[in-house]
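One line per chain: the protein sequences are D and R, in this order.
The first sequence begins at 1 in our numbering and counts up one residue at a time.
The second sequence begins at 1 in our numbering and counts up one residue at a time.
Careful: at least some of the hints might be erroneous.
[Stated by the list, open to error] As a list, the in silico DMTMM-like pairs of lysine to aspartate or glutamate whose alpha-carbon atoms are at most 25 Å apart: (1) 242/D with 138/D; (2) 256/D with 96/R; (3) 252/D with 307/D; (4) 242/D with 147/D; (5) 252/D with 97/R; (6) 168/R with 291/R; (7) 328/D with 121/R; (8) 116/D with 96/R; (9) 328/D with 97/R; (10) 116/D with 97/R; (11) 252/D with 96/R; (12) 256/D with 10/R; (13) 116/D with 291/R; (14) 168/R with 182/R; (15) 256/D with 138/D; (16) 194/R with 96/R; (17) 340/D with 35/D; (18) 256/D with 245/D; (19) 139/D with 96/R; (20) 252/D with 181/R; (21) 256/D with 181/R; (22) 168/R with 181/R; (23) 242/D with 156/D; (24) 252/D with 227/R; (25) 139/D with 262/R; (26) 256/D with 227/R.
Derived from the structure by calculation, the hints contain no laboratory data.
In this text the structure is predicted, and so the values were computed from the model without any measurement.
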Amino acid sequence: MMKPVFMTYTKNDLINLAVCMVLSVLVIPSFITTEYWYTSILIPWLCLALATIGQQIVMGYTGQLALGAAGFMAAGAFAMFNLILRVPDLGFVGSLIVSGLIAAAFGILFGLPSLKVRGIYLMVATLASQFFIIWMIDKFGWFKNYDSSGIITAQDIVILGKPFTTPLAMYFVCLAVTTVLTLLAMNMARGSTGRNWMAVRDMDIAAESMGVSLLRTKVQAFAISAFYCGVAGALFAFCYLKSLEPVAFDIKLSFKILFMCILGGLGTINGAFIGAAFILLFPVLLNAIGNNVFHGAIDATIISSIEQVIFGGLMIIFMIYEPLGMAKLWENIKQKWKTKFPTMNIKNLTSSIGKKS
Amino acid sequence: MVEELLFFMEVLVGGLLAGTMYSLVALGFVLIFKASATFNFSQGAMVFFSVLAFVGFMQDFNIPFVLAFILAALLMVVVGLCTERFVLRPLMNASEDTVLMATIGLGYVLEGLAQAAWGVEVRRLDLGIGDFPVPWIADNLKLFISALDITAGLVAAIMIIGLFLLFKYTKIGLGLRAVADDAGAASSIGIPLKHIMLLVWSAAGVVALVAGCMWGARAGVQFALVDLALKALPVLIIGGFSSIPGAIIGGLIIGAVEKVLEVYIGPFFGGAIEGWAPYVLAIFFLLYRPEGLFGEKIIRRV
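Extracted from the complex, chain D is given alone in its bound form:
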């Protein structure tokens, strides 16, 4: 069913992939040397972008309003902790895959209501998963290995006997996982799987009469989405937080991922990366303005409130003027540029990797 990766990609895509890989593997490590950038920006960006891809699959591609990404991330993170603790033979990569699968099992369970309801009804049903998973981890000591402090330190990452503990090494771990899963997601989105998702999103009754099984498509979307969130959660805990606590995966994180998904652009993979970058970097920018322009005259809590107002305001503005988010905005800019300078061949350089075929 799944074709080899290079078969479904055009020359443009391969060039884009090469550009991205050169940038992320060669340029970034050689130019960015401060740890801050890796530990506070690049690593969480990759992790959250991965979770946002999960949200995209269920919301952007399949059109199901879900609000429980952080719950699945928590499931993935704690599964990872327990697998490394109790089944050390699995190794890091094996544990990562199995914790993704465990999160996927939760995704199937809590995705089942989507067969009956949609819209805000489904949102409430997925809220149940958010609260239930966090509660379950919090209340059953086994998941936390009976640690009483509430915050558990994540184990060191060891792949094939080699430790990956420096920020740069962890960045590469996140980069590798994100790249593989992003390529897979693009493949699925472009293949028959993604066509089914979009058919269900655009008109479920028509899709069903064309022979697309709603049950299979929706459950599949929820499972794959939760798998992505689970893996992202494991990476988030092990590479970024370096600790595990259920509170880190509360409803606020779910909303954050929802915002990344919607502002980035529903139904696009590159939107996940744009949205995650925006939501992560914007507060950094605001804080920098607060510190350098106003010299700390504005209280930090006020800055974070302003940030919330701006995110909410942007959400409204995008819903009114460009419901397809920043990814579409980017496409529009490119389109304008192209019509302005038709002779310049900048297409290859600027078309982003997740461009919809």
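Dock chain R against chain D, hints included.
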């Protein structure tokens, strides 16, 4: 045996009365849904916004209680006005899900504005009604029921009756129902859509303020109110999105079930199951009665 029964009654009544607080939040939601078929996700943020402004007026500007309440209510009218003008009108023909997401954004804006204006610390709200058992009831019926709970129940009852009468017997109510039924047809026969929307959002804002006062007096005026208000969503699913009596019954069911479960089953699982029990209950309702107890069959079955 009698003591156990009394204890059960106490838990049940306490839960029912606490449930009316959820009902108050749900009520604002139903109002807006009834008149505009919009899922207003920001109702919880409106609760937080309005009560924080109310407490802020009282504590920071030393404005007397009644005047502060009126000012906060006026502020909610302004919020309604801005919402109608800047969010709903441009999204007139957008899909349900788009409007829902815009109201999530609106909620964020309101939460942020409230915290930017009044700060993030927990504020105490004293309504002059104690959150302790009423001695008379405790002596005569052997039930320990908080005065605040009873007040919340009474306030909810008055508001429900008032809104019910408004919808059923006034010209405005007729207009509201007409707009809810078919906004296009209603505006073509001369019902001022703009005014109706403004009215409904202002009313929802005032309802939010009342709900916020009740919650604030119990738990302090703080950000956690927004999360508490999320529980209005399962209430709506159980009661039905378009039914005012449904909001109250749904709230009572959620309040009673979560308290009874918490007290009798919670201890076996380490407690705090009331965090998710309402949502799971809502899922069961979705599976067997998706339109809720009193809702019209508006749900799109797939």
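Each hint tested on the structure:
For the suggested pair residue 242/D and residue 138/D, the alpha carbons sit about 18 Å apart, so the restraint of at most 25 Å is met. Straight-line distance between C-alpha atoms of residue 256/D and residue 96/R comes to about 21 Å, which keeps the hinted pair within the 25 Å bound. The suggested pairing of residue 252/D with residue 307/D holds, with an alpha-carbon distance near 14 Å, which does not exceed 25 Å. Note on residue 242/D and residue 147/D: the hinted pairing holds, with a Cα-Cα distance of about 16 Å set against a maximum of 25 Å.
Using a Cα cut-off of 25 Å, the hinted pair residue 252/D and residue 97/R holds, with the two alpha carbons roughly 20 Å apart. A distance of roughly 22 Å separates the Cα atoms of residue 168/R and residue 291/R; the hinted pair therefore holds under the 25 Å criterion. A threshold of 25 Å between alpha carbons decides the hint, and for residue 328/D with residue 121/R the separation of about 40 Å lies outside it, so the pair is violated. For the hint linking residue 116/D to residue 96/R, the alpha-carbon distance of about 17 Å falls within 25 Å, and the restraint holds.
At roughly 19 Å between alpha-carbon atoms, residue 328/D and residue 97/R fall within 25 Å of each other, so this suggested pair holds. About 17 Å separates the Cα atoms of residue 116/D and residue 97/R, which keeps this hinted pair within 25 Å; it holds. Between the alpha carbons of residue 252/D and residue 96/R the distance comes to roughly 23 Å, so the proposed pair stays at or under 25 Å and holds. The suggested pairing of residue 256/D with residue 10/R is violated, with an alpha-carbon distance near 40 Å, which exceeds 25 Å.
At most 25 Å may separate the alpha-carbon atoms for a hinted pair to count; residue 116/D and residue 291/R meet this at roughly 11 Å. With a C-alpha separation of about 17 Å, the suggested pair residue 168/R and residue 182/R falls inside the 25 Å cut-off, and the hint holds. Taking the CA atoms of residue 256/D and residue 138/D, the gap is about 22 Å. The hint holds against a cut of 25 Å. Distance hint between residue 194/R and residue 96/R is fulfilled; the C-alpha atoms sit about 19 Å from each other, no more than 25 Å.
Note on residue 340/D and residue 35/D: the hinted pairing is violated, with a Cα-Cα distance of about 41 Å set against a maximum of 25 Å. For the given pair, residue 256/D sits about 18 Å from residue 245/D by alpha-carbon distance, which is consistent with the 25 Å threshold. Pair hint residue 139/D plus residue 96/R does not hold up; C-alpha atoms about 37 Å apart against a cutoff of 25 Å. In summary, the hint linking residue 252/D to residue 181/R is not supported, as the alpha carbons are separated by about 35 Å, beyond the 25 Å threshold.
For the hint linking residue 256/D to residue 181/R, the alpha-carbon distance of about 35 Å lies beyond 25 Å, and the restraint is violated. Straight-line distance between C-alpha atoms of residue 168/R and residue 181/R comes to about 14 Å, which keeps the hinted pair within the 25 Å bound. Among the hinted pairs, residue 242/D with residue 156/D is consistent with the structure: their alpha-carbon atoms are about 9 Å apart, no more than 25 Å. Under the criterion of a C-alpha separation no larger than 25 Å, the hint pairing residue 252/D with residue 227/R is consistent with the structure, at around 10 Å.
For the suggested pair residue 139/D and residue 262/R, the alpha carbons sit about 14 Å apart, so the restraint of at most 25 Å is met. A threshold of 25 Å between alpha carbons decides the hint, and for residue 256/D with residue 227/R the separation of about 15 Å falls inside it, so the pair holds.
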